[in-house]
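When you get a sec, could you build the whole thing from the sequences and use the hints?
One-letter residues, chain by chain:
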Amino acid sequence: MEHHSVIIIGAGPAGLSTALALCQSGAKDVVVLERETQAGGIPRHCGHKGFAPYKNFGLMTGPNLASLLREQTTGLDIRTSTTVLEFTLRGSLRVHSTQGITEISADKIVLAAGTRETSRAARLIGGNKLKGVMNTGELQQRVYLGGEHPFRRPVIVGSEWVSYSTLLTCRHLHAKPVMLLAEDGENAAPSYFSFGARLLGTKVVRGAKLIAIRGNSAVEAIEIERFGKQQTVECDAVVLTGKFRSEDALYSNGYLERNGYAPAVTDGFKTSKPNVYAVGNVLGHLETAGLCMAQGRELAKVLFP
Amino acid sequence: MSQRFDIAVIGCGVVGLAILRRFAMAGLKCVALEKGADILSGASKGNSALLHTGFDAPPKSIELQCMQAGYFEYLDIRQKLNLPLLETSAVVIAWNDDELVKLPDIREKALANGVTDAKLISQTELRMREPQLAKSALGAVLVPGEHVIDPWSAPLAYAHQAIAHGAEIMRGAEVTKATKQEGEWHLATPKGEVTARTVINAAGLFADHVEALIHEPDFEIKPRKGQFVVFDKPASKLLRSIVLPVPTERTKGVVLFRTIFGNLAIGPTAEETDERENPINDTATLERLKATAIAMLPALKHVDVTAIYAGLRPATANSDYIIRAHKAENWITVAGIRSTGLTGSLGIAQQVVKLYAKHFGKLPKKLPAAIWTPVPNLAEHAIRPYMKGGEILCHCEWVTRAEVAAAADGPLPATDIGGLKRRTRATMGRCQGFYCAAYVTSAFDKARYGTP
Ligand SMILES: Cc1cc2nc3c(=O)[nH]c(=O)nc-3n(C[C@H](O)[C@H](O)[C@H](O)COP(=O)(O)OP(=O)(O)OC[C@H]3O[C@@H](n4cnc5c(N)ncnc54)[C@H](O)[C@@H]3O)c2cc1C
Ligand SMILES: Cc1cc2nc3c(=O)[nH]c(=O)nc-3n(C[C@H](O)[C@H](O)[C@H](O)COP(=O)(O)OP(=O)(O)OC[C@H]3O[C@@H](n4cnc5c(N)ncnc54)[C@H](O)[C@@H]3O)c2cc1C
Numbered sequence: 112m113e114h115h116s117v118i119i120i121g122a123g124p125a126g127l128s129t130a131l132a133l134c135q136s137g138a139k140d141v142v143v144l145e146r147e148t149q150a151g152g153i154p155r156h157c158g159h160k161g162f163a164p165y166k167n168f169g170l171m172t173g174p175n176l177a178s179l180l181r182e183q184t185t186g187l188d189i190r191t192s193t194t195v196l197e198f199t200l201r202g203s204l205r206v207h208s209t210q211g212i213t214e215i216s217a218d219k220i221v222l223a224a225g226t227r228e229t230s231r232a233a234r235l236i237g238g239n240k241l242k243g244v245m246n247t248g249e250l251q252q253r254v255y256l257g258g259e260h261p262f263r264r265p266v267i268v269g270s271e272w273v274s275y276s277t278l279l280t281c282r283h284l285h286a287k288p289v290m291l292l293a294e295d296g297e298n299a300a301p302s303y304f305s306f307g308a309r310l311l312g313t314k315v316v317r318g319a320k321l322i323a324i325r326g327n328s329a330v331e332a333i334e335i336e337r338f339g340k341q342q343t344v345e346c347d348a349v350v351l352t353g354k355f356r357s358e359d360a361l362y363s364n365g366y367l368e369r370n371g372y373a374p375a376v377t378d379g380f381k382t383s384k385p386n387v388y389a390v391g392n393v394l395g396h397l398e399t400a401g402l403c404m405a406q407g408r409e410l411a412k413v414l415f416p
Numbered sequence: 005m006s007q008r009f010d011i012a013v014i015g016c017g018v019v020g021l022a023i024l025r026r027f028a029m030a031g032l033k034c035v036a037l038e039k040g041a042d043i044l045s046g047a048s049k050g051n052s053a054l055l056h057t058g059f060d061a062p063p064k065s066i067e068l069q070c071m072q073a074g075y076f077e078y079l080d081i082r083q084k085l086n087l088p089l090l091e092t093s094a095v096v097i098a099w100n101d102d103e104l105v106k107l108p109d110i111r112e113k114a115l116a117n118g119v120t121d122a123k124l125i126s127q128t129e130l131r132m133r134e135p136q137l138a139k140s141a142l143g144a145v146l147v148p149g150e151h152v153i154d155p156w157s158a159p160l161a162y163a164h165q166a167i168a169h170g171a172e173i174m175r176g177a178e179v180t181k182a183t184k185q186e187g188e189w190h191l192a193t194p195k196g197e198v199t200a201r202t203v204i205n206a207a208g209l210f211a212d213h214v215e216a217l218i219h220e221p222d223f224e225i226k227p228r229k230g231q232f233v234v235f236d237k238p239a240s241k242l243l244r245s246i247v248l249p250v251p252t253e254r255t256k257g258v259v260l261f262r263t264i265f266g267n268l269a270i271g272p273t274a275e276e277t278d279e280r281e282n283p284i285n286d287t288a289t290l291e292r293l294k295a296t297a298i299a300m301l302p303a304l305k306h307v308d309v310t311a312i313y314a315g316l317r318p319a320t321a322n323s324d325y326i327i328r329a330h331k332a333e334n335w336i337t338v339a340g341i342r343s344t345g346l347t348g349s350l351g352i353a354q355q356v357v358k359l360y361a362k363h364f365g366k367l368p369k370k371l372p373a374a375i376w377t378p379v380p381n382l383a384e385h386a387i388r389p390y391m392k393g394g395e396i397l398c399h400c401e402w403v404t405r406a407e408v409a410a411a412a413d414g415p416l417p418a419t420d421i422g423g424l425k426r427r428t429r430a431t432m433g434r435c436q437g438f439y440c441a442a443y444v445t446s447a448f449d450k451a452r453y454g455t456p
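Just so you know, the protein sequences line up as chains G and X, in that order.
Residue numbers for the first sequence follow this note's numbering, so the first one is 112 and each next one is one higher.
Residue numbers for the second sequence follow this note's numbering, so the first one is 5 and each next one is one higher.
Treat the hints with care, since some could be wrong.
Claimed, not checked - A few chain X residues facing chain G, derived, Cβ under 7 angstroms:
#: 1; residue: Ile153
#: 2; residue: Glu291
#: 3; residue: Val309
#: 4; residue: Ile312
#: 5; residue: Gln354
#: 6; residue: His399
#: 7; residue: Ala441
#: 8; residue: Ser446
#: 9; residue: Asp449
#: 10; residue: Ala451
Claimed, not checked - Chain X side only, calculated, beta carbon under 10 angstroms to chain G, not exhaustive:
#: 11; residue: Met174
#: 12; residue: His190
#: 13; residue: Thr193
#: 14; residue: Ile396
None of these hints come from the bench; they were simulated from the model.
Quick reminder that beta carbons are idealized off the backbone N, C-alpha and C, glycines included.
What follows is the structure, encoded as structure tokens:
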């Protein structure tokens with residue numbers, strides 16, 4: 112069986128910065144497996160500014176950060192279009208590439224698979240099945256990678272800072288959000304974000320719950336409940352932002368112990384399996400790219416002191 | 005210019021397509037007319053996909069006959085069409101003493117319906133079989149022959165086989181008028197006029213409207229909605245059997261079952277509704293379904309919801325299927341195929357062809373040689389295309405670019421993302437498109453229209 116000293120699953124900011132730091136400190140035989148055709152992770156399709164490699168927020172765009180990361184890691188063994196399908200019972204990885212499926216093992220495995228937003232289905236939002244309901248992830252791929260104009264008057268649901276990223280995408284599209292619906296949530300963004308939203312001309316509605324999405328073939332309106340009263344709001348799309356949860360496909364079967372919906376880790380990013388580590392947004396929160404990269408550098412020190 | 009056929013089937017749900025297949029394989033010149041942009045635009049789009057034995061069907065009903073004939077034909081042809089079978093068995097579970105005393109009757113009915121391997125199992129046997137079930141399960145009737153199939157690939161395979169035998173399928177072809185001239189039906193559709201000697205009304209949720217095109221219908225479709233909640237893949241490891249409730253006077257109750265795509269689902273509810281298209285899910289019902297599932301299978305508490313959907317049963321006031329030849333009119337009505345039509349469709353087709361041969365015309369003496377048109381496998385437990393390599397586009401369901409391109413091609417290409425989903429599983433998984441929807445859509449558009 113193919114064997115390596117370190118395998119990193121995911122070539123986003125966290126995985127790439129781990130790989131880079133490991134190689135800079137002299138580690139050999141580090142392999143990064145990435146299922147997309149290109150390394151870089153989520154920032155590849157966040158076409159707006161707000162990224163920085165060494166601090167939380169900065170003035171780089173996502174794609175700029177992603178290409179900086181690719182540049183810095185040229186020469187490393189990064190295998191794109193390569194999907195880790197699962198952990199096998201003996202702790203190796205079942206890996207899919209364009210050639211087929213193989214099994215690969217490693218002394219140390221780093222899970223850097225990132226996060227995704229909670230879907231409409233998982234939020235149990237009622238109404239019809241319609242075109243025009245999407246997460247920010249899908250929206251930004253459509254807009255920044257596909258050059259699409261998916262809507263003109265969306266409602267944006269969510270009050271985490273990522274909602275602001277959606278607003279910036281709307282501005283890029285010259286679309287006019289009908290409102291930003293801030294449901295009562297745990298991760299409400301600081302008030303300067305809603306100030307920012309207002310600066311962009313978007314009404315912020317707090318304390319409302321999205322009940323249903325309606326339309327015939329595409330979104331026509333949503334129903335919301337606020338202070339016990341139902342209300343209909345016309346719009347042509349709904350962007351469901353935030354409520355990030357760890358991309359758990361590789362461990363939701365119980366392979367790693369969980370803490371809520373993320374892998375349980377002790378300090379040093381150690382999971383419940385002795386040779387498996389987890390880093391970056393797979394830990395369950397939406398942190399900035401800069402912070403995930405800092406985590407990667409820290410993890411490298413743990414792996415290769 | 006009008007096109008002439010022996011048979012025109014109105015409606016491309018699973019029932020219409022199975023009928024089309026039978027007639028085409030018998031050597032008749034047939035066409036199916038579908039108002040939707042794609043096949044499976046009605047009731048057949050969202051169901052539980054259980055292959056029923058008929059153990060609990062009304063005794064001596066046409067429904068029972070069709071289900072059992074359909075069941076056996078499905079098993080007989082499925083390998084030649086590459087259609088899957090997830091052998092699960094079902095358990096009808098008693099959750100309290102009132103239900104426990106009803107189990108023997110359920111078994112008796114099964115025996116009377118010819119399902120002779122149905123048997124009572126004790127609480128201990130049940131726990132050995134289903135260790136994850138809530139401890140309040142007291143006992144069950146085990147029905148070994150109940151299984152899970154693929155709700156979309158089966159009708160798609162029937163359609164392909166019909167086409168291979170010379171049938172035509174016209175989509176976007178709503179029949180809006182039916183007139184008879186010189187012994188032939190002239191059917192008006194937006195795609196032009198179609199002429200046929202015999203018409204089969206298999207319009208599902210609109211069968212009464214289509215019937216009204218030629219005479220006052222003696223039935224009315226009263227749609228009954230069923231909502232579902234689908235859990236993520238790890239949930240399917242928690243259960244082997246289909247878990248059925250003991251039916252009450254009022255309702256058959258909801259079912260907990262593994263899906264052919266490797267998930268676990270709960271549903272359907274049974275709600276009277278006026279909706280005939282675009283069934284609506286409501287949050288309160290979904291929350292209730294989810295809670296019910298967790299009550300039956302406590303470990304589900306830690307599993308995410310992957311999908312929600314709803315389907316509409318084309319029910320009538322009649323308790324049985326309506327399959328009737330209108331002799332004077334050269335018209336066969338197939339209506340009220342409520343909640344067992346996926347299983348029953350092949351059996352219904354047998355009956356309809358018999359009715360035709362009896363009243364309307366001889367079948368060609370020599371059967372053409374059967375042509376088999378295997379469809380790509382979507383079942384999680386069987387070999388799937390990605391296993392041989394290729395570029396994966398949909399990361400949750402492991403759907404390859406080649407599969408997306410194939411679904412956009414051939415004699416019955418998908419016309420939209422819904423159709424693509426039903427042919428490939430793309431975007432059906434836990435992320436519901438967060439990662440891949442944009443890539444999948446552009447790959448589909450490129451394959452279909454040549455433009456990204
Ligand atoms: C809409 C949005 C806006 C944002 N805006 C900003 C901002 O302005 N500034 C900022 O600093 N941060 C921003 N972020 C956050 C930033 O994108 C994340 O912090 C960062 O991408 C996290 O890095 P990561 O490596 O942990 O995960 P990701 O970037 O998600 O990378 C994970 C990688 O793992 C791969 N992968 C997953 N599973 C597998 C598998 N089984 N096999 C192989 N590969 C796999 C994925 O394809 C992906 O490439 C934003 C995020 C979003 C969603
Ligand atoms: C919630 C639920 C769960 C179910 N579970 C199961 C199960 O587990 N097992 C099982 O065997 N069965 C099950 N069923 C039953 C099964 O899905 C139905 O019996 C079956 O789909 C009915 O098919 P049909 O072809 O008669 O109707 P439809 O699928 O409705 O097909 C009719 C077609 O006709 C078209 N049409 C309508 N009017 C016109 C017109 N004027 N011109 C042209 N075309 C027209 C429609 O667009 C539609 O595509 C379930 C059903 C539901 C709703």
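Quiz item: Which hints from the list above does the structure break, by number from lowest to highest?
Solution: 1, 5, 9, 10, 11, 12 and 13
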